[in-house]
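There are 2 protein chains.
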Amino acid sequence: MKLVKIGMIGFGNVGHGFIQALIEKKAFFRNELGLEFLITSITDIRYGTIYHPDGLPLKKLASAHDFYEMDPSYFRDWNTIQMIRNAESDVIIELSFTDLKTGEPAVLHCQEALLSGKHVITSNKGPIALHYSMLKGLARDNGVKIGCEGTVMSGSPALRLAIDSLLPTGVTEIKGILNGTTNFILTEMENGSSYDEALKEAQRLGYAEADPSGDVEGFDTAGKVAILSHLVFGTFIKPENIERIGISDITVEDVQEALKNKMHWKLIGSVKKTENGVEASVKPIMLHEDNPLANIKGAGNAIQYRSDLLGEITLIGPGAGRKETAAALIEDLVHIFQ
Amino acid sequence: MKLVKIGMIGFGNVGHGFIQALIEKKAFFRNELGLEFLITSITDIRYGTIYHPDGLPLKKLASAHDFYEMDPSYFRDWNTIQMIRNAESDVIIELSFTDLKTGEPAVLHCQEALLSGKHVITSNKGPIALHYSMLKGLARDNGVKIGCEGTVMSGSPALRLAIDSLLPTGVTEIKGILNGTTNFILTEMENGSSYDEALKEAQRLGYAEADPSGDVEGFDTAGKVAILSHLVFGTFIKPENIERIGISDITVEDVQEALKNKMHWKLIGSVKKTENGVEASVKPIMLHEDNPLANIKGAGNAIQYRSDLLGEITLIGPGAGRKETAAALIEDLVHIFQ
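Chains as they are written, first to last, in the working numbering: chain A, 104 to 441; chain B, 104 to 441.
Simulated from the structure, these hints should not be mistaken for lab results. For glycine and all other residues, C-beta sits at the position ideal for the given N, C-alpha and C. Treat the hints with care, as some may be off.
[Claimed, not checked] Computed footprint of chain B on chain A; a stretch qualifies when at least three of its residues, placed anywhere within it, have a C-beta under 8 Å from a C-beta of chain B:
| id | region |
| --- | --- |
| 1 | 123-134 |
| 2 | 260-267 |
| 3 | 270-277 |
Isolated chain A, as found in the complex:
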């Protein structure tokens, strides 16, 4: 049995999903994977830090909304940086908010963790899209690892599939439906809703935020394309330099007209190797129903790799969700510690 001590940054939706998964799958992790996970510390920008070197009680954490509901005897005197440096932990799980312009504060958190000789696992696109090379170098120098499977398609192992399996077969192009909100809206429009109705429904269901531009204008997809370019092709592209067209100009008439020809409008993020380096883009594309990407409905995600030896490989799976993102964190934990 290997005991893994975890420091967590962020006590929001994904954090709660992760704690819940640790509770539900505890026996499975112990008996089938030989791993026992303890969360020794959590820090959140809204609630401060709580710490106990023997581990915090998971069930109480799962039902708590903030740290005031937790035992007042826990040590609470650290800020985030102090927690990263000083808490007894083998790995820092970084789940703070995403900023695709600067990557902060997550970049700083990851740096501090790696410099402290702690592994880092994150589903936060910011630091991976913008500073993966630097973080990878820091990890190497400090003898630790970075896990970031959750940054693209949540727990659907899009990155590990490419890096651990497909790379040696000569991957030349990647295309994907990498944002569930826009795919949900386009599916609703295939069912007859207008763009505005579909967006409102997405907001009602919690898929889209009050300001939906991160999704519908393709910023989120561009961040994922940047990550794919960097991790699979080894080529850094700033998300803001990726050609980007959102879905807000697509009308229900466009979508319905395409359907008549067995075509489906999809927001496709893509990156491919060319003679002049890599070319990346995010834009709506019409796909024929014979393409597996065309048949992805609702908030689903899918990614397609083209390789010299294999032709086309498609992975279909969830792209978001608290349980599904927790799955990515767990995949990375097992990869690092088993």
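Chain B: place on chain A using the hints.
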């Protein structure tokens, strides 16, 4: 640069595809993966053995049909077992014919290689379906590894996806279209052919053999289901003990009737965890077009994993082909040596 010396058993279709891939991707393997592959020896039941410790010339091998066309100065005095034991090689690639009853002669080849401290890579279902535990134990005892990605869906990384990524998320069920020949026949029947016409077309294209029963009666799929059960669930099932119904009783009327309801007949291999152990079967099932498996056309393959945390994950890709199976061998080589 790491130099990898390979001993090959089998100089047939897949063997030629592998040699061709080594030629085509030589610069890529050197420059991007830091690996250089030499084939020092090949043995084939029809032609004997050829050996040169500095490596055989790949281009000549690629165009040769047998070993009589190769330089007469190569050492030729070994039988297969002597080659495995004595040839200078780091890994034995086993590509002899498949026997799902006994696994022989491939099991013996794999045993001898592992006992000689050589890694084994194979796309041969026989030894993996029947004797994986024994071979795995031998590999562990001798400090080497077994690669068998090509036994299910050729180079589409169905096994590594499950074992390296999905296992920690709690996989409970696996379903797949694991045989391209039967899927080709069923697709032809959707296009209006009778079963007999579709089978003849499959034979003409080289998908089906003169005696097609291995494919159409589900034996091939059962072998793959046994491998999935053993490698993903850790439960050994003999292929012959798997409930098995082929496609030869399906009529064009059945297929056309299903189509009217947006349903597609598919030969599905499946294995799932239950309270009483694992349950495995191979049988034709009608799937609604909303299921990604329903839309797999022609000789394509696909596999679907159900996991506690992720729900449904689908991998679509090729299931056969010389280039595609060579890709599996290369994935395993890189996994072992990089």
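Outcome, coverage of the region 260-267 of chain A by chain B - at least 3 residues whose beta-carbon is closer than 8 Å to one in that chain: holds (count 4)
Chain B covers the region 123-134 of chain A, three or more CB atoms within 8 Å, holds or violated: holds (count 5)
Chain B covers the region 270-277 of chain A, three or more CB atoms within 8 Å, holds or violated: holds (count 4)
The structure shown violates none of the earlier numbered hints.
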